[in-house]
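Chains A and B, in that order, give the protein sequences. Take 1 as the starting number for the first sequence in my numbering and just add one per residue. Take 1 as the starting number for the second sequence in my numbering and just add one per residue.
Everything labelled a hint here was simulated from the structure, so no lab data went into it. Check before you lean on any hint, since a few could be wrong.
Said to hold, decoys possible - So the derived list for chain A, only partly shown, Cβ under 10 Å to chain B, looks like this:
no.	residue
1	R112
2	P136
3	D141
4	S150
5	A156
6	A163
7	G243
8	A244
Where a beta carbon is used, it is the ideal one built from N, C-alpha and C, also for glycine.
Listed below, chain by chain, are the residues.
Number of protein chains: 2
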Amino acid sequence: MVAHLGSELVRHALITGAAGMLGRKLAARLTDIDEVLLHDIVEPSAAPHAAYQSSSAASDLSSPGEAQKLLARRPELIFHLAAIVSGEAEADFDKGYRVNLDGTRRLFEAIRAIGDGYQPRVVFASSIAVFGAPFPDAIGDEFLCAPLTSYGTQKAIDELLLADYSRRGFFDGVGIRLPTICVRPGKPNRAASGFFSGIIREPLAGEEALLPVAKSVRHWFASPRAGVGFLLHAARLDTAPLGARRNLTMPGISATVGEQIEALRRVAGDAAARLIREQPDPVIQKIVEGWPRNFDARRAAALGFRADASFDDIIRAHIEDELRPQPS
Amino acid sequence: MVAHLGSELVRHALITGAAGMLGRKLAARLTDIDEVLLHDIVEPSAAPHAAYQSSSAASDLSSPGEAQKLLARRPELIFHLAAIVSGEAEADFDKGYRVNLDGTRRLFEAIRAIGDGYQPRVVFASSIAVFGAPFPDAIGDEFLCAPLTSYGTQKAIDELLLADYSRRGFFDGVGIRLPTICVRPGKPNRAASGFFSGIIREPLAGEEALLPVAKSVRHWFASPRAGVGFLLHAARLDTAPLGARRNLTMPGISATVGEQIEALRRVAGDAAARLIREQPDPVIQKIVEGWPRNFDARRAAALGFRADASFDDIIRAHIEDELRPQPS
Numbered sequence: 001m002v003a004h005l006g007s008e009l010v011r012h013a014l015i016t017g018a019a020g021m022l023g024r025k026l027a028a029r030l031t032d033i034d035e036v037l038l039h040d041i042v043e044p045s046a047a048p049h050a051a052y053q054s055s056s057a058a059s060d061l062s063s064p065g066e067a068q069k070l071l072a073r074r075p076e077l078i079f080h081l082a083a084i085v086s087g088e089a090e091a092d093f094d095k096g097y098r099v100n101l102d103g104t105r106r107l108f109e110a111i112r113a114i115g116d117g118y119q120p121r122v123v124f125a126s127s128i129a130v131f132g133a134p135f136p137d138a139i140g141d142e143f144l145c146a147p148l149t150s151y152g153t154q155k156a157i158d159e160l161l162l163a164d165y166s167r168r169g170f171f172d173g174v175g176i177r178l179p180t181i182c183v184r185p186g187k188p189n190r191a192a193s194g195f196f197s198g199i200i201r202e203p204l205a206g207e208e209a210l211l212p213v214a215k216s217v218r219h220w221f222a223s224p225r226a227g228v229g230f231l232l233h234a235a236r237l238d239t240a241p242l243g244a245r246r247n248l249t250m251p252g253i254s255a256t257v258g259e260q261i262e263a264l265r266r267v268a269g270d271a272a273a274r275l276i277r278e279q280p281d282p283v284i285q286k287i288v289e290g291w292p293r294n295f296d297a298r299r300a301a302a303l304g305f306r307a308d309a310s311f312d313d314i315i316r317a318h319i320e321d322e323l324r325p326q327p328s
Numbered sequence: 001m002v003a004h005l006g007s008e009l010v011r012h013a014l015i016t017g018a019a020g021m022l023g024r025k026l027a028a029r030l031t032d033i034d035e036v037l038l039h040d041i042v043e044p045s046a047a048p049h050a051a052y053q054s055s056s057a058a059s060d061l062s063s064p065g066e067a068q069k070l071l072a073r074r075p076e077l078i079f080h081l082a083a084i085v086s087g088e089a090e091a092d093f094d095k096g097y098r099v100n101l102d103g104t105r106r107l108f109e110a111i112r113a114i115g116d117g118y119q120p121r122v123v124f125a126s127s128i129a130v131f132g133a134p135f136p137d138a139i140g141d142e143f144l145c146a147p148l149t150s151y152g153t154q155k156a157i158d159e160l161l162l163a164d165y166s167r168r169g170f171f172d173g174v175g176i177r178l179p180t181i182c183v184r185p186g187k188p189n190r191a192a193s194g195f196f197s198g199i200i201r202e203p204l205a206g207e208e209a210l211l212p213v214a215k216s217v218r219h220w221f222a223s224p225r226a227g228v229g230f231l232l233h234a235a236r237l238d239t240a241p242l243g244a245r246r247n248l249t250m251p252g253i254s255a256t257v258g259e260q261i262e263a264l265r266r267v268a269g270d271a272a273a274r275l276i277r278e279q280p281d282p283v284i285q286k287i288v289e290g291w292p293r294n295f296d297a298r299r300a301a302a303l304g305f306r307a308d309a310s311f312d313d314i315i316r317a318h319i320e321d322e323l324r325p326q327p328s
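Take the sequences, apply the hints, and build the full model.
So, in structure tokens, the structure goes:
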């Protein structure tokens with residue numbers, strides 16, 4: 001098996017969590033692939049105008065035997081995005097471990113069980129939730145994973161499994177720690193980080209948005225466009241330079257909520273910014289206190305992963321990708 | 001539940017892995033406890049002259065339902081030492097994950113399932129194998145866990161589970177990352193680190209010992225006596241200062257193989273040191289290259305964990321504890 005897929009044509013790819021926001025956007029941007037299987041707990045729609053043959057499947061990846069079925073075509077490239085979000089994993093301990101840990105482990109085990117030289121590239125969507133306070137000013141590539149949520153714990157465990165399975169040669173894994181994706185389009189989900197998107201998305205749509213934390217709260221962001229770019233870059237990355245450290249903090253934009261609001265004002269005007277209403281929420285404040293604020297993501301930058309240029313650009317990407325008529 | 005057991009009398013304690021070397025030594029030193037259940041895959045012997053009522057059980061902790069049985073008396077104090085060693089976990093991937101990950105998780109889940117205010121102190125024997133090269137000169141308390149063995153991966157995952165279960169209030173956990181225990185008494189086990197003890201133990205018994213690595217190899221050591229001391233200290237530790245970071249690198253002695261041999265010469269003479277025969281082993285060399293050499297274990301030191309004073313003292317502890325007639 002080659003150490004990287006490079007620009008070779010991939011015959012089969014699999015996306016888990018393909019009905020999710022990033023999964024749908026990823027499916028829409030995939031090229032140089034013959035066939036893609038889109039999987040989720042509910043049946044994902046095919047991407048419009050996909051440049052490949054698309055099929056869909058719905059099942060619970062954490063149920064015994066389900067992962068095997070997804071590997072019937074032996075995809076050379078697997079994007080593993082399936083997960084329940086932080087708020088839900090915190091509210092439902094059993095479901096979080098079942099989906100986010102056992103589901104991932106079953107997928108990894110199903111890959112290993114094939115053997116016979118099968119060694120796909122596995123791109124795993126991890127999260128900066130693997131880190132927990134207290135933090136240095138900027139979190140470097142050698143900082144410990146000490147998560148403060150069950151979601152972060154599950155992702156950190158998945159990362160360890162990914163590294164060990166890669167080291168043992170069962171697959172060729174890359175874990176990418178996504179910044180908080182902002183601006184998330186559509187409806188709020190159950191992630192505690194939802195307000196970071198809400199305070200941009202709702203005002204741009206002319207609606208009021210609630211701000212549950214102080215304007216001084218600093219966080220780490222990437223647009224959906226940059227997030228999909230990370231996944232695509234990881235798919236073709238030469239993994240030899242990674243050595244045994246297969247999990248990479250992605251570059252991002254560090255901004256305070258106040259800076260987010262100023263960017264909104266610059267891009268969309270005062271009227272938009274005035275739609276943000278402060279409504280402190282102690283539960284969300286406490287969760288967010290444990291989250292990272294800033295990183296020094298040198299390894300990923302050296303490997304060619306590229307962040308957005310500014311928070312203004314993150315807002316502009318949202319307007320371009322979500323609020324303008326799509327080409328038909 | 002109190003944040004620490006302090007000097008209170010513990011009514012019930014449980015030791016898993018009680019037939020192992022550290023488990024036996026721990027059982028022999030326990031005090032201020034009414035009853036202790038000793039558990040292992042083979043039935044452990046009661047400690048001679050134990051100051052408590054002792055019972056024993058043998059079962060496979062990784063089999064469903066077994067962990068529950070061990071909690072029938074609701075032990076307030078659990079020492080979880082059961083594991084298979086690094087060499088075996090590397091040779092048998094399935095067994096390593098089953099015993100070292102699933103066994104631990106089943107124990108943690110069985111504790112959680114009791115609920116009803118039950119929140120025992122859990123002292124977990126982790127390992128410096130959670131770390132992997134490349135390293136700084138001395139590994140600090142915020143250095144990442146990037147293990148280079150499946151054993152180290154399993155221990156790192158257990159640590160994450162321990163921290164999350166503690167954060168959620170299911171138990172009150174302390175993970176202690178044991179240095180390589182040296183001098184291990186008795187027969188060599190399947191740990192790749194076995195030679196570190198062999199080159200001291202065998203010459204002290206008048207036998208030849210094989211040295212598979214260069215004398216410049218540096219490593220991190222604690223005597224069995226210090227190792228048991230760590231476990232006992234963790235059992236009574238006030239865990240409030242730990243916050244969410246429940247896993248602690250233990251203090252130790254950093255020494256090269258050459259320094260080990262010089263210490264042996266000082267304590268036992270030239271004749272003993274001459275019994276060490278160099279026989280390079282590329283497999284062991286490669287494993288050991290990925291191991292840590294030195295630590296800056298400030299948190300544990302500040303919390304009162306105490307290392308041996310020198311490698312000479314480690315050898316003397318072996319002579320006193322293993323090679324002299326025991327009081328009857």
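Hints versus structure:
1. R112: With a closest approach of 8 Å, the R112(A) hint holds.
2. P136: 8 Å, holds
3. D141: 8 Å, holds
4. S150: 6 Å, holds
5. A156: With a minimum Cβ separation of about 5 Å from chain B (threshold 10 Å), the hint on A156(A) holds.
6. A163: Check passed: Cβ of A163(A) comes within 7 Å of chain B, closer than 10 Å.
7. G243: 8 Å, holds
8. A244: 6 Å, holds
In summary, this structure violates none of the numbered hints.
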